[in-house]
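Residue numbers (my numbering), protein chains in the order written: chain A, 1 to 309; chain B, 1 to 250.
Incorrect hints may have been included.
[Stated by the list, open to error] Here are the simulated EDC-like pairs of lysine to aspartate or glutamate, each with C-alpha atoms no more than 20 Å apart in a straight line:
{"hint": "1", "chain 1": "A", "residue 1": "178", "chain 2": "A", "residue 2": "155"}
{"hint": "2", "chain 1": "A", "residue 1": "284", "chain 2": "B", "residue 2": "65"}
{"hint": "3", "chain 1": "A", "residue 1": "303", "chain 2": "B", "residue 2": "155"}
{"hint": "4", "chain 1": "A", "residue 1": "169", "chain 2": "B", "residue 2": "73"}
{"hint": "5", "chain 1": "A", "residue 1": "303", "chain 2": "B", "residue 2": "145"}
{"hint": "6", "chain 1": "A", "residue 1": "303", "chain 2": "B", "residue 2": "156"}
{"hint": "7", "chain 1": "A", "residue 1": "285", "chain 2": "B", "residue 2": "94"}
{"hint": "8", "chain 1": "A", "residue 1": "285", "chain 2": "B", "residue 2": "38"}
{"hint": "9", "chain 1": "A", "residue 1": "178", "chain 2": "B", "residue 2": "94"}
{"hint": "10", "chain 1": "B", "residue 1": "144", "chain 2": "A", "residue 2": "85"}
{"hint": "11", "chain 1": "A", "residue 1": "285", "chain 2": "B", "residue 2": "39"}
{"hint": "12", "chain 1": "A", "residue 1": "284", "chain 2": "B", "residue 2": "179"}
{"hint": "13", "chain 1": "B", "residue 1": "249", "chain 2": "A", "residue 2": "165"}
{"hint": "14", "chain 1": "B", "residue 1": "249", "chain 2": "A", "residue 2": "183"}
{"hint": "15", "chain 1": "B", "residue 1": "144", "chain 2": "A", "residue 2": "165"}
Please keep in mind that the hints were generated in silico from the structure rather than gathered at the bench. The model shown is predicted, which means the values in this text are computed figures rather than measured ones.
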Amino acid sequence: MDKFEKAFNDIIEKDLKVEPRDWMPEKYRKTLIRQVSQHAHSEIIGMQPEGNWLLRAPSLRSKQVLLAKIQDEAGHGLYLYSVAETLGISRQEMNAQLHSGEAKYSSIFNYPTLTWADMGAVGWLVDGSAIVNQVSLQRTSYGPYARGMVRICKEESFHQRQGYEIMVKMAFGTPEQKEMAQDALNRFWEPSLMMFGPHDADSAHSSQSMAWKIKRESNDHLRQRFIDRTVPQAEYLGLTIPDPNIKWNEETGHYDHSPFNWDEFWNVVNGNGPCNQERLDHHKKALSDNTWVREAAAAYAVKTENVVA
Amino acid sequence: MDLTIKNNEAKFLVRLADTSLILGQRLAEMCSNGPFLEEDIALSNISLDLFGRAEEMYKIICDIEGNNFTPDDLVFRRNEREYFNIKLVEQPNEDFAWVIVRQFLHDIYVQEVYTQLLNSENSEVVGLAQKVLKEVRYSYIHSKDWMERLGLGTEESNARVQSAVDHQLKYIEEIFAFDELDKTYLADSDQLRSVWENDVNATLAACNLERKEIMPLTMRDFRDGFHSEHIGHLLSIMQYLPRAYPDAKW
Ligand SMILES: [Fe+2]
Ligand SMILES: [Fe+2]
Ligand SMILES: [Fe+2]
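Could you put together the complete structure from these sequences and hints?
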């Protein structure tokens, strides 16, 4: 073991942070690039399902809250792209990987948002599950990522509260609103739980990531924490969790649940969800429609500042 | 519900509120469609300012009208002919050049309007004007910067921005066809026009853009609730939920 590797191992062992200028194993760097860019892409692609209702938000307040939320997600994406850049990959490369399918984003954003209640369910469940995951990542071993998570988590908890607020309005509203709320929960419950990834036994990257302290808690552990905190929130709303086997288990101190439909999960991961194609096409189109804008900005910079583009 | 605005000052203010709202909605369409992430965020920022501004103005209007209706009633329950925005702001986002040109032409106009409203006798309007002027300053710098970049950037960007200018200048004349209300509530309506003309002419010239002669157009006035065809589509999307579920609270 050379002195660089020893220094790196010391950092991990002592629970200190790895910084961009530190030596790190190539696989550590690659793993982080994969995870951070996937996280960044999720923030950005996640703008679309919520953007779907932005123009139809039913009050001035909800319109502003939703737009501010989506803008926050764009900010998270921007921040995370910068974190990935410290590991030696450019935003352009990351976009290319996203477009080629080499880089993934969270599968949850491949589901359509079909009613206004989905704006509630997404905030409550999707941001909710993101928070559980990201709070855990505040202790991740890569310094810039950990600090980013601290900042981002503050905003995510706003998002979750605002989402839940929509659920409250819907669940206690007219019969039609309540029906929309239940329908949204029915559609988003299981996909939100699968956001935590495969079971620990089937998770390809987990054990090395845990050893390097990139990941601090296992998928199943985090998922259970989310279930335990969310079931009572659904009860308060008077909504039914779409799983007949959800019940409190005195012995384990957790809620039991049915097995998940992993076939659907992998099918969506592999590109065959309801909106995979649409999400990617939208992202590509926004970029390609505006190539001329970026070219103009670059040409202008060259002309006025003599900067080489 | 009778949403007719009866007070003269409120009638004047609703033109500004509607202009702000409709432009906010148009810019919101750009969310996740910007040329790059930083610009996406900037456009959302401006859109949020416009919605906030509209809401504050509607509150003032509702107060004047005795609070018989709310800002949300005004936004979601009025029909096309009851909207009084300038037609410029309902023009679509054909491409990024349209977005920028529309914003620029609007920003110069509202910058001077709100500057003049600092002299209003209504202290709430003055307070709002002070806040708006800070926001518009930012939006104006943003849109003017882009006018320059696009005008002086590439041949293609210059052609696109020129075509957006040619189209959108058609909707300017009506802005300056002031009526008695404008003349009452604006400190100096003539100056509004001259400030606007000077800035536009200087900026176009500096950006290698042409201001072409526009023939007088036959177009009914926004002050009477007349619009281009675009407004109906914009409203039907925006108002869909409260109209489809009239008893629901959101
Ligand atoms: Fe986020
Ligand atoms: Fe996130
Ligand atoms: Fe969020």
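* Run the structure past the numbered hints and jot down the numbers of the failing ones, going up. => Per hint list: 1, 2, 9, 10, 12, 15 violated.
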